[in-house]
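Required output: the full structure, derived from the provided sequences and hints.
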Amino acid sequence: MGKFIILFVLTIFFVNTSISQNYITLSGFIKDASTGEELIGATIYVDELKTGSVTNAYGFYSISLSPNKYNIKISYIGYQAQTLELNLTKTFRKNFELISQDNEIEEIKISANKKDENVSSLDMSVNKLQMKTIMKIPALMGEVDVLRTIQMLPGVQTVGEGSIGFYVRGGGADENLILLDEATVYNASHLGGLFSVFNQDVLKDVKLYKGGIPSVYGGRLSSILEIRMKEGNNKKFSAQGGIGLISSRLTIETPIIKDKAAFVFSGRRTYADLFFPLLGDSVIKKSKAFFYDFNAKANYEINENNRIFVSGYFGKDVIQFGESMRMSYGNETFTLRYNHLFSSKLFANVSLIYSKFNYGMGIPDGVTGFDWQSGIYDISLKNDYTLFLNTKNTIKFGLQITHHTFRPGEAKPIGEESIFSGIKTDDSFAAEYGLFIENDQKINDKISLRYGLRLSAFQNIGPYTNYIYDKSNSKEYIPIDSLNYRNNDFFNTFYGIEPRFSLNFQINDKSSMKLSYNRMVQYIHLTTNTMTITPLDMWFPSSPNVKPQLADQYALGYFRNFLKNSLEASVEVYYKNMQNAIDFKDHAQLLLNKYFEGELRVGNSYSYGAEFMIKKQAGKFTGWLSYTYSRVFREIPEINDGNPYPANYDKPNDISLILSYDIIDNLNISLSWFYSTGAPRTMPTGRFEYEGMISPVYSDRNSVRLPDYHRMDFACTYDFKKTKRNGEAKKFNSSLNLSIYNLYNRHNAYSITFRQVEGQQYDTEAVKTYLFKLFPSLTYNFNF
Amino acid sequence: MKIYYTIFIIILIISSCTEVIDLELNTSENNKLVVEGSITTEQKSHTVKLSRTTDYFSNQATPKELGAKLSISDDENIFYLTDDDNDGIYITDENVKGQAGKTYRLDIELENGEKYFAESFLKPIFPMDSLKYEYKKSDFPFDENYYYSIYLYVQEPPSIGDYYQWELYINGIHDSDTLRNKTIVSDEMVNGVYISKWPVYVIPDYKILNDTNMVKIQMLSISKEAYDFELALILETDYSGSNFSGPPANIPTNISNGALGFFSASDIVEDSIEVYYKKNVNSNKKISSKLK
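First to last, the sequence lines map onto chains S and D. All the letters of the first sequence, read from the start, carry residue numbers 1 to 784 under this note's numbering. All the letters of the second sequence, read from the start, carry residue numbers 1 to 292 under this note's numbering.
Where hints are given, some of them may not hold.
Stated by the list, open to error - Computed list of lysine-lysine pairs in DSS-like fashion (alpha-carbon distance at most 27 Å, straight line): (1) S/Lys412 <-> D/Lys197; (2) S/Lys616 <-> S/Lys50; (3) S/Lys288 <-> D/Lys123; (4) D/Lys182 <-> S/Lys585; (5) D/Lys136 <-> S/Lys286; (6) D/Lys123 <-> S/Lys475; (7) S/Lys73 <-> S/Lys260; (8) S/Lys442 <-> S/Lys392; (9) D/Lys224 <-> S/Lys424; (10) D/Lys123 <-> D/Lys197; (11) D/Lys137 <-> S/Lys285.
Derived by calculation from the structure, the hints in this document are not laboratory data.
This is the structure we're talking about:
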């Protein structure tokens with residue numbers, strides 16, 4: 001490690017000496033011409049130098065050149081490329097605006113004459129999703145969902161179609177960092193996992209890092225899902241929305257000061273429960289089941305060098321069962337962000353972030369009246385810098401500090417009649433730190449490197465009671481003593497050194513080899529003992545009893561483009577080793593249990609796999625085909641007699657096929673097909689009788705598989721004419737989307753349970769539960 | 001936890017369906033001894049049933065274990081059990097009765113010489129204050145049925161870690177005859193509280209047919225191990241395998257030597273209430289008097 005740091009420092013030194021030459025800088029923002037939205041990952045390419053730069057997360061680019069006349073090309077997928085000649089004599093600021101492209105533009109124009117990013121970029125194991133692409137994919141109940149689309153990517157598994165929880169390269173559902181405008185979203189699910197909290201109308205960019213994770217990110221082992229909201233149209237008022245089977249949504253965008261400041265607001269609500277009163281039952285009439293989301297964001301360009309953004313998300317699920325039981329849960333995030341340009345080469349960002357997930361449930365009155373609250377609350381400060389040093393080096397560095405508050409749960413009696421005495425598990429507090437530096441360096445035409453280091457730390461903060469367990473009986477840890485820590489006592493500290501490395505070896509214009517290594521450390525964990533994640537799962541910190549989880553991932557990939565870059569293909573193999581993986585003892589009691597740390601069982605986990613993907617992004621005909629072979633095993637000394645067992649989401653073979661075709665200008669059809677090996681489950685091998693019950697006897701964990709999963713979906717989108725009879729463009733556009741989920745009506749097993757046949761003394765049967773039959777839905781979308 | 005997960009399951013069920021399927025299961029080494037036995041402070045013939053595990057889909061009675069020698073003992077007495085009618089059910093004399101505060105040990109010696117034992121502490125219990133009942137319509141949607149709610153009034157003692165099981169008898173017939181019909185509870189949420197109007201059993205109205213019915217409630221003390229066993233048995237038998245349950249796991253036991261099942265010792269108190277056909281004669285209408 002020491003050597004690594006020395007090398008790093010030397011490189012920076014070397015790099016610094018090389019800038020004394022007479023270079024000038026071209027920098028600025030690349031935006032959408034019609035809305036003023038900054039484009040993330042747009043390319044600026046200098047023909048003469050055969051080099052270029054890519055806009056950062058805020059749409060900013062910077063490129064250093066010697067004074068000369070250049071042909072500059074600006075491009076971004078889904079937008080018309082621009083080429084212009086610039087005579088550069090001194091450092092120059094220039095913003096570009098690209099025009100969003102309708103489908104009819106020929107695909108060749110987009111990608112000709114330019115090395116494709118798929119091949120040339122240092123990113124590997126990264127999937128970027130365009131909202132346009134996501135919208136075309138057939139959706140469950142017509143609800144376009146980012147997280148469901150994520151599940152279709154190679155290397156991403158699900159545990160069942162009823163859940164938006166996802167599992168990346170053998171990592172658990174809690175090993176994904178989901179960021180919405182940099183704020184952590186702790187539980188991205190609505191309706192117990194059927195839908196995600198992300199309203200597609202307000203999203204701008206979605207990027208999933210499965211490996212080669214840049215050092216700016218940390219805190220989770222397996223993946224980073226970076227989602228950014230639209231900034232808002234700063235040119236003119238616009239609105240879009242939709243009316244669907246499950247929910248309706250409306251987004252409005254408006255300039256506050258034209259070209260300077262804009263505001264976007266979006267809301268969504270389900271309305272199935274509005275029909276409850278129509279159902280005859282008196283209990284259902286008083287029941288509720290809905291969710292809603294609000295997103296809002298404003299940005300203000302103070303001047304060329306300073307911009308400020310405020311964004312927030314607020315969402316909630318409410319379920320009420322008659323007057324007897326109610327439950328609600330939701331996320332809140334708030335981000336205040338300030339971008340500052342110290343110079344055309346140094347870009348700085350400061351963000352202040354608040355993030356919260358909590359749930360509450362209870363029975364409002366009666367003898368069993370209670371109110372139960374649980375949650376996690378974060379306040380973070382992030383400060384990061386991008387130094388566009390020269391055409392060969394881009395350095396990023398910065399720091400992040402987060403204060404966590406964990407409220408694992410408190411149940412209080414409510415109402416005079418309640419018989420409950422109340423129960424509380426102690427709150428706990430922690431601080432998490434990250435300090436990072438990273439350089440993207442072009443060594444020569446063939447080789448580029450990204451090397452970085454993240455130093456992380458985690459501190460538990462009092463007041464806290466730490467229990468000490470007697471672990472002599474592996475089935476039952478017994479608390480034998482406790483230590484109390486006072487208020488503001490930083491009583492326990494963990495450190496992590498996380499090297500990150502990526503290499504791109506450009507074989508030729510069309511193909512490259514990429515290599516990456518990353519170490520990740522995860523300090524907070526989720527008590528998820530069920531097959532799918534639920535809102536009741538609780539986040540908890542590393543502590544004297546719980547070591548941080550560690551992952552080392554090695555990946556190797558070959559990337560090749562065909563047909564003038566219109567077809568992108570890749571093969572990646574990976575191996576990932578995870579230490580201190582968390583599992584739970586048999587029949588673990590995790591909720592409202594102050595000794596829940598004694599329910600944890602810790603071991604190792606490892607995964608490996610190969611991912612094949614071929615993708616076409618532009619033209620009338622788009623889509624992708626991916627195949628993944630992957631395995632994931634856990635080895636925990638006190639579970640399954642210490643023998644390795646496959647994780648719940650270990651599905652060796654996985655295929656996704658997504659096809660979309662524009663038949664004519666305003667009619668698109670899409671088809672998708674998914675296949676995966678059945679997930680492994682623990683099923684009974686024997687039975688015994690006790691008091692008339694026939695009970696199961698199990699042998700090895702996860703040794704039997706559910707039947708294979710496969711499903712086909714279809715969607716058809718019709719855009720109502722965009723022009724009036726006189727040829728003028730209409731202001732109001734709308735479209736109708738028909739989605740058919742599970743086209744050939746396969747009853748895919750969601751779970752298999754075992755039971756005694758009713759009315760029979762000795763007969764037992766296996767029962768398959770499946771969630772969806774063929775499920776058609778219709779959605780009407782509009783914008784103006 | 002059961003009820004909270006039910007909420008989610010209800011949501012999913014809106015569009016989900018089930019079907020019975022054929023499934024091949026591994027069937028290996030299913031021949032473990034299973035013990036089902038108890039001793040209580042009630043004077044009666046106490047029973048211990050011995051059987052064997054078998055394949056999950058065998059669909060017949062599990063094999064009985066015959067010809068074993070059994071005894072239940074405390075620090076003073078030893079009671080022998082015999083199986084005179086060769087049905088795998090071993091019984092004591094009629095005058096046997098456990099004593100609160102003692103530890104009971106079950107010893108088993110099989111015909112093949114294998115030995116097993118289990119121990120259970122007989123924890124003392126305290127009497128119930130009273131029982132009341134109410135005749136009312138179900139709180140659940142689409143359920144138009146009426147029920148007799150039997151309410152329990154009792155002081156829970158301040159000691160932490162008390163576990164209870166209740167038995168229900170209607171007109172002398174044991175209604176809670178399998179574990180899934182029994183009410184079991186830990187004092188975790190109610191420690192030291194005066195429990196009032198708590199619905200210990202909810203009886204569907206088709207079970208109350210006479211003008212006057214005698215409903216007897218027995219309250220038993222059980223150990224933590226017995227509670228964990230009973231809860232796990234109910235969960236694994238009736239609720240396991242769903243995506244909202246934890247990973248399936250073997251039901252714990254207190255029998256030695258790799259056998260399954262449980263031997264428990266319990267103190268018993270009981271109380272009875274007369275329940276009238278479709279009437280609320282004894283129901284607790286005095287709640288308003290509690291208001292200040």
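Results of checking the hints against the structure:
| no. | hint | verdict |
| --- | --- | --- |
| 1 | S/Lys412 <-> D/Lys197 | holds, 18 Å |
| 2 | S/Lys616 <-> S/Lys50 | holds, 24 Å |
| 3 | S/Lys288 <-> D/Lys123 | violated, 45 Å |
| 4 | D/Lys182 <-> S/Lys585 | holds, 26 Å |
| 5 | D/Lys136 <-> S/Lys286 | holds, 18 Å |
| 6 | D/Lys123 <-> S/Lys475 | holds, 24 Å |
| 7 | S/Lys73 <-> S/Lys260 | holds, 26 Å |
| 8 | S/Lys442 <-> S/Lys392 | holds, 5 Å |
| 9 | D/Lys224 <-> S/Lys424 | holds, 21 Å |
| 10 | D/Lys123 <-> D/Lys197 | holds, 25 Å |
| 11 | D/Lys137 <-> S/Lys285 | holds, 16 Å |
When the structure is compared with the earlier hints, a violation turns up for hint 3 alone.
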